[in-house]
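K.L.:
Since each chain comes alone in its own frame, lean on the hints to assemble the complex.
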Amino acid sequence: MGYENVLWKLQGDKVLESINAGKRLDARKFDEYRKIEIRKDISHLAEATTQVKLGNTEVICGIKLEIGVPYPDSPEEGSMSTSVELLPLASPEFESGPPSENAIEIGRVVDRSIREGGCLDFKDLFVEEGKSWIAFIDFYPINYDGNLFDACSIAGMSALLNAKIPKLEDGVIVRGEWKGKLKLKNHAVLNSFAKIGNSIVADPSIAEEKALTSRIHISFNSDGNLNAFQKGGPGSLTANELDQAIDTGLKNSKHLIKIIEESSE
Amino acid sequence: MKEKEAEYVNREGKRLDGRKVNELRAIKIEVGVIPSAAGSCYLEWGYNKVIAAVQGPREVLPRHMADPYKAIIRYTYRMATFSVSERKNPKPGKRDIEISMVSAKALEKAAFLEKFPNTAIDVFVQVLDSNAGTRIAALTAASVAMADAGIPMKDLVSGTAVGRAGGKLMIDLTKEEEDAPDAVDAALAILPNSEEIVLLQMDGIISPKEWREALKMGIEGSKKVYEFQKEALKKKYSGDK
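Line by line, the protein sequences are chains A and B. In terms of numbering that gives the first Met the number 0, the numbers along the first sequence are unbroken and rise by one, the last being 264. In terms of numbering that gives the first Met the number 0, the numbers along the second sequence are unbroken and rise by one, the last being 240.
Extracted from the complex, chain B is given alone in its bound form (with noise of 0.2 Å):
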């Protein structure tokens, strides 16, 4: 065991792509790159690339599941067939439905929906190509695409993942290190303004009081993408270009 600990993390502190435990994969935003959406973003973030577009808000159908007192927001989580190493059946898995319920929820959070009472706001995200942690790059694309829409926010929704490999708690673990023997992967997403968890899955055994080290990290982590997010829409819309 510990000659495995030392293969994750080594003496400089160093992880096996490099990086510091507390330091993120190169992210790349660009926001409204499809014209015949509302709102667009394209994000790359390691090997990840999503693209997301938010359509509406508009009408609602079938018209039973609107809601008149706000916004509804319905979350399509897709990964292409070619994201992965063995062809994806293009049909949708529990896995990308589980994703898509939970992502709607941490978006739901941020927007005020109650603007646009009887309306739905579509969002559709999809992976282009992954090596792990593709549910909190697109949450983040799409929270951003959200803001690219107009749609009025108290926050973005920022994320990583946070865990462990080979006994070090890190962020933004790589396919490589979600594959670690004592692995412990959290997908987080937050409100950063506020700190608000929006979003939480974890797999892997963890003691409560490491979780709350990596907890801490993740916010932290977070909200270093927040400001890549920020960067992205000041860029469209600051004017000075």
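Same shape as in the complex, but just chain A (with noise of 0.2 Å):
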């Protein structure tokens, strides 16, 4: 065990300690997010960028929309497609190199969030036969400090949110021209979640996460309704603590989507 990990454990049994004893570490509420900053328009050649702040984790989101082939089951729609990179900038505990399972798992979940929650109007991105726009949503963590989760979504649904159309020519991309905003149909947001001890605990920091047995990220759109559930980690769930997250992430997330809305106006 090198040294970073004995204090990384050292930090979560600290954690686990007070937890146990009601209190957090950072004297949040255990349904209590860290303060959300949104900025916008980070690189001037992309369709949408947004930087996040939640607490200290700082997520930044691109989206570019390139011309491509429809999928031979929905011909007359459009795609989307999400990465995440975990750059080796944002923490010391990442490596250069193809995307870890880590990236992989926040991207598919974001990406799940986003399209399961019927945010995309997958209908416009159409563009003739045989040609459609995919929707590149891509994120670059530039400091972890825990829950990169929803430091994504966040940062991925408010870019989403100030989405433009490049025009096209001819069937070609007329670069840095608009025709005007992407279209969407809903909203949606993720909620993670922290089982620390026999606690249910919302938005983690890089130490809960050290002392968590389990997790789970629950997406919910502006209806109130659920999309997309990831539990992970090696501990179990119980229903009553499903239910409490579910509680809890009904109500942060009409929170969360106020202030991604607010941002894009």
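Wrong hints could be hidden among the right ones.
Here are the simulated DSS-like cross-link-like pairs (lysine-lysine), alpha carbons at most 27 Å apart as the crow flies [as the list claims (entries may be wrong)]:
no.	chain 1	residue 1	chain 2	residue 2
1	A	52	B	90
2	B	87	A	130
3	B	233	A	52
4	A	178	B	13
5	B	234	A	39
6	A	52	B	234
7	A	178	B	87
8	A	166	B	174
9	A	182	A	39
10	A	52	B	27
11	B	235	A	180
12	B	90	A	163
13	A	52	B	174
14	B	13	B	215
15	A	39	B	13
16	A	163	B	87
17	A	34	B	235
18	A	182	B	233
19	B	90	A	130
20	A	39	B	27
21	A	166	B	87
22	A	39	B	174
23	A	163	B	174
24	A	257	A	163
25	B	87	A	52
Covered by chain A, according to a simulated footprint, are these stretches of chain B (three or more residues, beta-carbon under 8 Å) [unchecked claim]:
no.	region
26	46-52
27	207-219
These are computed hints drawn from the structure, not numbers from a lab. Glycine residues also receive a C-beta, built at the ideal position from the N, C-alpha and C atoms.
P.N.:
Below you can see the structure in the form of structure tokens.
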């Protein structure tokens, strides 16, 4: 065990002790998020870019639209693709190389939240026979301090709200010109929880992630419906604990979606 | 050709974006922007936006890469998929790898690596937005991040592009100027105090005489960049905030 792991183990023990005594180390309530800040327009060449700070966790999301070929099973629809790259610049824990399984999990869960939340109007992304738009939604963590899932989800949703569709001339993209805004049908956001001891806490910090036995990510859309689940970590959850997370998430997601919507005005 | 020349620098000596031939685009530098890194720097240079982080000195893995006499520098230059017109494939290409290599060598000369034998200093630079000159913007930010990480250095690394468009020599070329039919574009980085050249890459055809003049302009420009770097570091470390 490297010394860094030993330090995290000690920190994790402290988190557990504190949570068992009814307190979080950073003094938040169990259902409380860290402060959220959203900035727009980082790159002038992207269809949208947002920078999200969730406490000290920071993520940049950029959207590019490219012309592609529709999938054979949906010949009159566009598509979307997400990627998360855990840049080693964001944490001493991240390494260079092909996407790790953690990066892939975050990308896929955020993808599910957007896709199953019915956010994109794939029919609107259809151009003509054999041609449709692919929305590439790419995430770059800049600083890792816990809960990259929700930080990416907030960044992705707010970028989608700001995204423009490039202008096409004779089937060729005119770079730097846009024909209008990307059409959205719904808004969705992830709510992540950590189970530490027998408690469920929202928006886990990095120290809390080191102490958790399991995590649960739930996506809610604007209608207040659930649209994606992901259980992670080696531990288990009871039906009661899941209910508790859903109730808290329902309340928090309204607040998160409001912050996202306000940021795009 | 005469008409083309008038396009890049007008009669008043102004370029397409209103700059003089020896004028840099607007530069903004912020030190210590990534809490989990040993040192970090955010830099805006015209439309270019880059963020740099230094991790280490730390254990070298795999171990056989370690140098028993000094620290090794590993430099990773990457462009975000959305930082260019057409979405960039997230996989690193030959360009990323070459830029990373020559930039690592440039930083090597600036630091007292012998202080940290058997370790690695990992430098990561991510380009978030671009308009010509990203490798120098990245290197400029990286050297500030290294200073922020507390690594002993004999100098910062400062640089600028220098070249020619429409028959006129100029520094810090934009994308538009780089695309001029007679363009010469050289990326230059120096140790500003000794004026030693630590990075030089050029594309284009130029006479030796013209080049000597261009280099002089480049060194002068790099020294202006150095002032911005120093200011940013002072802002974080001088105490009187």
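K.L.:
Taking the hints in turn, state whether each one holds.
P.N.:
A quick look at each hint next to the structure:
1. With a C-alpha separation of about 26 Å, the suggested pair residue 52 (chain A) and residue 90 (chain B) falls inside the 27 Å cut-off, and the hint holds.
2. Between residue 87 (chain B) and residue 130 (chain A) the alpha-carbon distance is near 20 Å, which keeps this suggested pair within the 27 Å criterion.
3. This hinted pair checks out: residue 233 (chain B) and residue 52 (chain A) have alpha carbons roughly 26 Å apart, not beyond 27 Å.
4. Straight-line distance between C-alpha atoms of residue 178 (chain A) and residue 13 (chain B) comes to about 33 Å, which puts the hinted pair past the 27 Å bound.
5. With a CA separation close to 26 Å, the supplied pair residue 234 (chain B) and residue 39 (chain A) stays within the 27 Å bound.
6. For the given pair, residue 52 (chain A) sits about 23 Å from residue 234 (chain B) by alpha-carbon distance, which is consistent with the 27 Å threshold.
7. Only pairs whose Cα atoms come within 27 Å are accepted, and residue 178 (chain A) paired with residue 87 (chain B) is accepted, the gap being roughly 22 Å.
8. Pair hint residue 166 (chain A) plus residue 174 (chain B) holds up; C-alpha atoms about 21 Å apart against a cutoff of 27 Å.
9. For the suggested pair residue 182 (chain A) and residue 39 (chain A), the alpha carbons sit about 18 Å apart, so the restraint of at most 27 Å is met.
10. Between residue 52 (chain A) and residue 27 (chain B), the direct Cα distance comes to roughly 21 Å. Compliance with the 27 Å bound is thereby established for this hinted pair.
11. In summary, the hint linking residue 235 (chain B) to residue 180 (chain A) is not supported, as the alpha carbons are separated by about 40 Å, beyond the 27 Å threshold.
12. Taking the CA atoms of residue 90 (chain B) and residue 163 (chain A), the gap is about 25 Å. The hint holds against a cut of 27 Å.
13. Restraint check for residue 52 (chain A) and residue 174 (chain B): not satisfied, since their Cα atoms lie roughly 31 Å apart, outside the 27 Å limit.
14. A threshold of 27 Å between alpha carbons decides the hint, and for residue 13 (chain B) with residue 215 (chain B) the separation of about 20 Å falls inside it, so the pair holds.
15. Distance check on the hinted pair: residue 39 (chain A) and residue 13 (chain B) sit about 32 Å apart at the alpha-carbon level, beyond 27 Å; violated.
16. Note on residue 163 (chain A) and residue 87 (chain B): the hinted pairing holds, with a Cα-Cα distance of about 18 Å set against a maximum of 27 Å.
17. Pair hint residue 34 (chain A) plus residue 235 (chain B) holds up; C-alpha atoms about 24 Å apart against a cutoff of 27 Å.
18. Restraint check: the Cα-Cα separation between residue 182 (chain A) and residue 233 (chain B) comes to about 47 Å, which exceeds 27 Å; the hinted pair is violated.
19. About 25 Å separates the Cα atoms of residue 90 (chain B) and residue 130 (chain A), which keeps this hinted pair within 27 Å; it holds.
20. Between the alpha carbons of residue 39 (chain A) and residue 27 (chain B) the distance comes to roughly 18 Å, so the proposed pair stays at or under 27 Å and holds.
21. Restraint check for residue 166 (chain A) and residue 87 (chain B): the C-alpha separation of about 19 Å stays at or below 27 Å, so the hint holds.
22. Using a Cα cut-off of 27 Å, the hinted pair residue 39 (chain A) and residue 174 (chain B) holds, with the two alpha carbons roughly 24 Å apart.
23. Using a Cα cut-off of 27 Å, the hinted pair residue 163 (chain A) and residue 174 (chain B) holds, with the two alpha carbons roughly 23 Å apart.
24. For the given pair, residue 257 (chain A) sits about 21 Å from residue 163 (chain A) by alpha-carbon distance, which is consistent with the 27 Å threshold.
25. Pair hint residue 87 (chain B) plus residue 52 (chain A) holds up; C-alpha atoms about 25 Å apart against a cutoff of 27 Å.
26. Only residues whose C-beta sits within less than 8 Å of a C-beta in chain A count toward coverage, and the region 46-52 of chain B has 5 of them, enough to reach three; the restraint holds.
27. Coverage of a stretch by a chain is defined here by at least three residues with a beta carbon nearer than 8 Å to that chain's beta carbons; for the region 207-219 of chain B and chain A the count is 0, and the condition is violated.
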